[in-house]
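Here the protein sequences come in this chain order: A and B. The first sequence stops at residue 669 when you use the UniProt record's numbering, and every number in between is there. The second sequence stops at residue 669 when you use the UniProt record's numbering, and every number in between is there.
The set of hints was computed from the structure by calculation and includes no laboratory data. Among the hints, a few may not be true.
[Unchecked claim] With a straight-line cut-off of 20 angstroms between C-alpha atoms, the simulated EDC-like cross-links for lysine to aspartate or glutamate are:
1. B:357 to A:353
2. B:350 to A:167
3. B:413 to B:632
4. B:350 to A:215
5. A:357 to A:287
6. A:332 to B:152
7. B:350 to B:220
8. B:134 to B:220
9. B:332 to A:220
10. A:350 to B:215
11. B:134 to B:35
12. B:166 to A:620
13. B:166 to A:619
14. A:166 to B:627
15. B:48 to B:108
16. A:413 to A:620
17. A:559 to B:146
18. A:332 to B:146
19. A:655 to A:566
20. B:413 to B:386
21. A:357 to B:353
22. B:332 to A:152
23. B:655 to B:591
24. A:350 to B:353
25. B:350 to A:353
26. B:350 to A:171
27. A:350 to B:167
28. A:166 to B:620
29. B:134 to B:171
30. A:350 to B:171
31. B:332 to A:146
Protein chains: 2
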Amino acid sequence: MSLMAVKIIFQPSGLRGRVEEGISLLEAARQLGVDIESVCGSTEICGKCKVKIEAGYFAKFNLDSQMSHLSGLSGEERGVLTEKEIAENYRLACSTRIYGDVLVFVPEESRGKKQVVLEQGKERLFKLNPAVRKIPLEVEAATLGDLRGDFERIRDALAASCGLTKDLTIDFPVLCNLPNILRYERSKNRRITDKGMPLTKDTWNVTVTIWNNREIILVEPGLIEHCVGLAVDVGTTTVVAYLCDLKNGKVLDMDSMMNPQVRYGEDVLSRISYVMMNESGMRHMRDAIIEGINTLTCRLAEKNGFLPEDIVDVVMVFNTVMQHAALGIEPKFLGRSPFIAGVKSSMNIKARDLGIKVCQTSYVHTLPIAAGFVGADNVGVLIAEEPYREQEKIRMCIDIGTNGEIDIGNADKMLCTSCATGPALEGAQIKFGMRAAPGAIEKARIDPETIEISYKVIGQEQFYPELKTTGAKGICGSGIIDIVAELFKAGIIQSNGRFNMGLNSNRIRKGEDGKPEYVVAWAEETSIGKDITFNQADVRAVQLAKAALYVGANYLMEKLGVDCIDSIVLAGAFGNFIDRESAMVIGMIPDCDLANVVAAGNAAGDGAKLALFDVDKREEAAWIAREIEFIETAIEPDFQKRFVAAMAFPHAGDKFPHIQHLLDKIPKP
Amino acid sequence: MSLMAVKIIFQPSGLRGRVEEGISLLEAARQLGVDIESVCGSTEICGKCKVKIEAGYFAKFNLDSQMSHLSGLSGEERGVLTEKEIAENYRLACSTRIYGDVLVFVPEESRGKKQVVLEQGKERLFKLNPAVRKIPLEVEAATLGDLRGDFERIRDALAASCGLTKDLTIDFPVLCNLPNILRYERSKNRRITDKGMPLTKDTWNVTVTIWNNREIILVEPGLIEHCVGLAVDVGTTTVVAYLCDLKNGKVLDMDSMMNPQVRYGEDVLSRISYVMMNESGMRHMRDAIIEGINTLTCRLAEKNGFLPEDIVDVVMVFNTVMQHAALGIEPKFLGRSPFIAGVKSSMNIKARDLGIKVCQTSYVHTLPIAAGFVGADNVGVLIAEEPYREQEKIRMCIDIGTNGEIDIGNADKMLCTSCATGPALEGAQIKFGMRAAPGAIEKARIDPETIEISYKVIGQEQFYPELKTTGAKGICGSGIIDIVAELFKAGIIQSNGRFNMGLNSNRIRKGEDGKPEYVVAWAEETSIGKDITFNQADVRAVQLAKAALYVGANYLMEKLGVDCIDSIVLAGAFGNFIDRESAMVIGMIPDCDLANVVAAGNAAGDGAKLALFDVDKREEAAWIAREIEFIETAIEPDFQKRFVAAMAFPHAGDKFPHIQHLLDKIPKP
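The shape of chain A in the complex, shown without the other chains (with noise of 0.2 angstroms):
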């Protein structure tokens, strides 16, 4: 027998090809790309690398007896394997040496599962484990002599190559081609011609697509290499979908778009009103976001060489209201109290029952709701985050919107709350507030001296242009935080919020109305023509949004029991863009050194990735929904107190020593 004459089938990937004599099983899977655990190093203790030897096709392919093939059982394995497993072929890839043609099965606990970084935004590691995944499956054809039905046949291929239990179900629809999927009859397969295995008289190659090891949701013919998937974050403003490689844990692109829905109304209260005024409002609304999600998916997958049907998985995340409307929930009684939803739990719905473009068998998964208006965008943020992994030190996430969610905790305990801050801080409600788009100042600073403003506008090259036009427009939500901390640092306006008008500026004047306001851009400067002011309402709303966010954030730590946070996690878009310091001084979230306060870009959205890329995760997820315990700060007796307190900058009696040198500079009146 020469050198490298050896044949090695692994089960149940399919991969196969001839290695050197007297390797390891171990080594034969390293060299044709199959994972198996080991974690001790081949010293033959760790028992990770059991493999099983397939006795029941050695007939079929020649093999003249089964162990003389391999080399002989080692004590070290006798140690670790169990009589029953000695009896059923079992042994450790690390320590069997192959001496002649083998067929290996790779138990699904002994695979080895790749820690893979997701990528863009925050760096996070996972397990590749889809709740989806393909398989190659050679089926023995029918003949008169074995007259199993099609499915059944299937089945048994499953259970024997892959260890798949006779449970297994099929969508019906998938049933209705298999008969010709299965005997390559379907004339239009555009795939077969390059990628089709060759048709035998004694077999048939197909490839199945089970979900979560419980069903066939698609039968291919030929071998299908590609298995992809897609994770959605619906916004209230903002759809973004990412179309993700479920065989690498790639994410191979994304898309976003405006939420159609926004034409019902601008927020999620405007948006149940629509529903529960109109009388096709429910249907108006969810249409608009399925053609909103189907629009994406088309888009995603055509740019990326797919058909929309190629994908055959999808994760959704959405905060509560937005998933009611999404999914056709009636979302009325989330608008009034108790705030109750239709459902918490995570969700598996039928694509084709959502009306979402992709493969029609699949399944869309929801991820759970944590409490009322604690949605699955935060069990995301939270799945993402893994705040609960942490063993001593207390982080706080929190996703600012026109609701703000936040949790704190670690291993210990989880806590979250809810906070009405209202669309101030996006932008709405302000004078001259606007989104982030071209034209919006997005960062500022006023010289406590001259009482001048330098400031950014989104779509300008520098941070402080001494061009005569900057082309603004308005200003969006990290500009509105930073002119608001730099007014109160400059001394212009005082801890109650009151501009300070015994300072020497034009830049401090009434308005038309009587009130004082702060002219941010001069209109000769602008792209609108007339003067971009901060004003004293401006600068309510403002209290008003950060001091709920305050109150939600101390009510928390009070009902955890500590007076210092660690580490501050700032999820969603707005959190990477606002100015930590800035958010700080005017006491919109709690003290914390500064180093530990970190944007985590779309958490939410890599929460939906993650449970896409790994089945486990959608089981913390429905665990930590179920263990994080939900604060309802509305009804806590001193709220109203305690929310005037926190009105104030940064607060009326809280401390901020990790910022008290930047107070302390602050001039006095």
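Chain A is fixed; fit chain B onto it per the hints.
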């Protein structure tokens, strides 16, 4: 405390009332119509009547102490109940006496299942234990202190009151309107006015429909008392539907129609051809039968005061080709060797995925296929007739159609086969053959002395009319078998099927084609104005058909190792009408005591009804479909030889001792 003052509620039925103080829980259950199993006759030894006293509810009902309302634990109870059961408040209903208000939970295993007689056709006993049941439920209303989602609230209530697990799921479309249903906000509910339970501040009342204890498929406001299902038997020619009351096991109504697919072909092979030759053939075929089933569904529902969507469970049986054509599964490989079905297992398909217009969230259950052409309808026959329950005697079930299916065996072993009988026995391929419809000759007797015939026509009252005209138009299946048998018994045709031209009668003559024929009806008696004859070719066609059946039965007996059978069941409408003696005389069925040859009516339809009334029958169907061994007769080496021998009347070699006295009387030429 006065007599009759004790209040008792049984869960999960919700049945409640006041009973006399001091009686046993078992007696109270009987008075209130709650079925509790009791085998030992209240001697406290069988332990079948175990019930659980619901401690958790005592506070709610202002019960002062749990156990003071009941007699103490008896020694016998201590003997029967485990420590754990005692700790969990289990008691024996027969030995526990009531002295105060109690809430009792009757666990599934203690619930008595009613023995019911299936109405219509053959009398059959069954247990009423449907897959779908409706549970009236009191759900705790949401408060700021109880923020569970609507679904979770219902799930928890079901877990508490019926012991259903927390794994219970809900079909997605049910969720969409759930928030309104729970709060009675659905404006147009036709039943609330008369059946709605009072809506209180603390509880909401709904009726939950549950499928297989696994999935919520419907939630209705108030108390819904009806629970109806549909059993459908899709035949090649006829579709029959039965509306069934799942609360009491009664068949409420039935209706039938011609299978609308008939327009695409009279028999299964021509329908397979239609599907193969026409691009939209599959869709046409499927739409036709689904529309037909929907027509029957609407007619039955309306006639019985229901809406079609009140139907919450459906069981369907069909032959294998009809099953593929009705469900839309590619049937073409059923028309080619090795004749493989797309799926053989039973299926649960959402009604909405099939387009059946019943409750859209309900399931359609299809019985499994035993083998190739031994389809779900034959499995229906098996679970209705239960030959596998015979301990010693050998029973044969024969379902005669274009394709004949035969089962044989008893508790030890069951075999089945299918025979290509062809359509001759249904009147096709016979010169004056016709369906069993008004004008068809359905019975006939020939006087061996005079060679004269007397016959009965469907739609005519008298068996032997002296009327000038009989209105005969043709001959249906049972008439065909009678005529062949009578021709043979009168010596007009010989054992080999040839006409004996030596007899002196003007009824025996040569036809236009020069071949012998027998005049069954003279032109003037008929409504078609010409002689109705039965000719040599007709005899040949019957010989082929009956030989196919006989050879199938013969192989089964041989494979089972028996040379006589104890009873024969003739299933199907056809089996109801044929003369058993005639069938045996021509050798269509094997020898057997004629007293033990019985017609079973539409046993396939009965099987569907039984699977609707008793979910265990579905398990039984899956089991027998798996266990019964299919014998492929066509590949047997001596098939041709046996077939030729079986062409003779009654057979070239086999003896028929039970009808030998009849055969002895046949005039020898």
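Okay, the hints, checked on the actual structure:
1. B:357 to A:353: holds, 16 angstroms
2. B:350 to A:167: Holds, at about 18 angstroms.
3. B:413 to B:632: Between residue 413 (chain B) and residue 632 (chain B) the Cα gap is close to 17 angstroms, so the pair holds against 20 angstroms.
4. B:350 to A:215: Holds, at roughly 15 angstroms.
5. A:357 to A:287: Holds. Residue 357 (chain A) to residue 287 (chain A) sits at ~13 angstroms (cutoff 20 angstroms).
6. A:332 to B:152: Since the Cα atoms of residue 332 (chain A) and residue 152 (chain B) sit roughly 18 angstroms apart, the hinted pair holds (cutoff 20 angstroms).
7. B:350 to B:220: holds, 19 angstroms
8. B:134 to B:220: Holds, at roughly 10 angstroms.
9. B:332 to A:220: Since the Cα atoms of residue 332 (chain B) and residue 220 (chain A) sit roughly 19 angstroms apart, the hinted pair holds (cutoff 20 angstroms).
10. A:350 to B:215: holds, 15 angstroms
11. B:134 to B:35: The given pair, whose Cα atoms are some 16 angstroms apart, holds under the 20 angstroms limit.
12. B:166 to A:620: At roughly 17 angstroms apart (the allowed maximum being 20 angstroms), residue 620 (chain A) and residue 166 (chain B) satisfy the hint.
13. B:166 to A:619: With Cα atoms ~15 angstroms apart, residue 166 (chain B) and residue 619 (chain A) stay inside 20 angstroms; holds.
14. A:166 to B:627: Between residue 166 (chain A) and residue 627 (chain B) the Cα gap is close to 16 angstroms, so the pair holds against 20 angstroms.
15. B:48 to B:108: Given pair residue 48 (chain B), residue 108 (chain B) holds - Cα atoms ~11 angstroms apart, limit 20 angstroms.
16. A:413 to A:620: holds, 15 angstroms
17. A:559 to B:146: holds, 19 angstroms
18. A:332 to B:146: holds, 18 angstroms
19. A:655 to A:566: holds, 16 angstroms
20. B:413 to B:386: holds, 12 angstroms
21. A:357 to B:353: holds, 16 angstroms
22. B:332 to A:152: holds, 18 angstroms
23. B:655 to B:591: holds, 8 angstroms
24. A:350 to B:353: The given pair, whose Cα atoms are some 11 angstroms apart, holds under the 20 angstroms limit.
25. B:350 to A:353: At roughly 11 angstroms apart (the allowed maximum being 20 angstroms), residue 353 (chain A) and residue 350 (chain B) satisfy the hint.
26. B:350 to A:171: OK: residue 350 (chain B) and residue 171 (chain A) at ~10 angstroms, within 20 angstroms.
27. A:350 to B:167: holds, 18 angstroms
28. A:166 to B:620: holds, 17 angstroms
29. B:134 to B:171: Within the cut-off at roughly 15 angstroms; holds.
30. A:350 to B:171: holds, 10 angstroms
31. B:332 to A:146: holds, 18 angstroms
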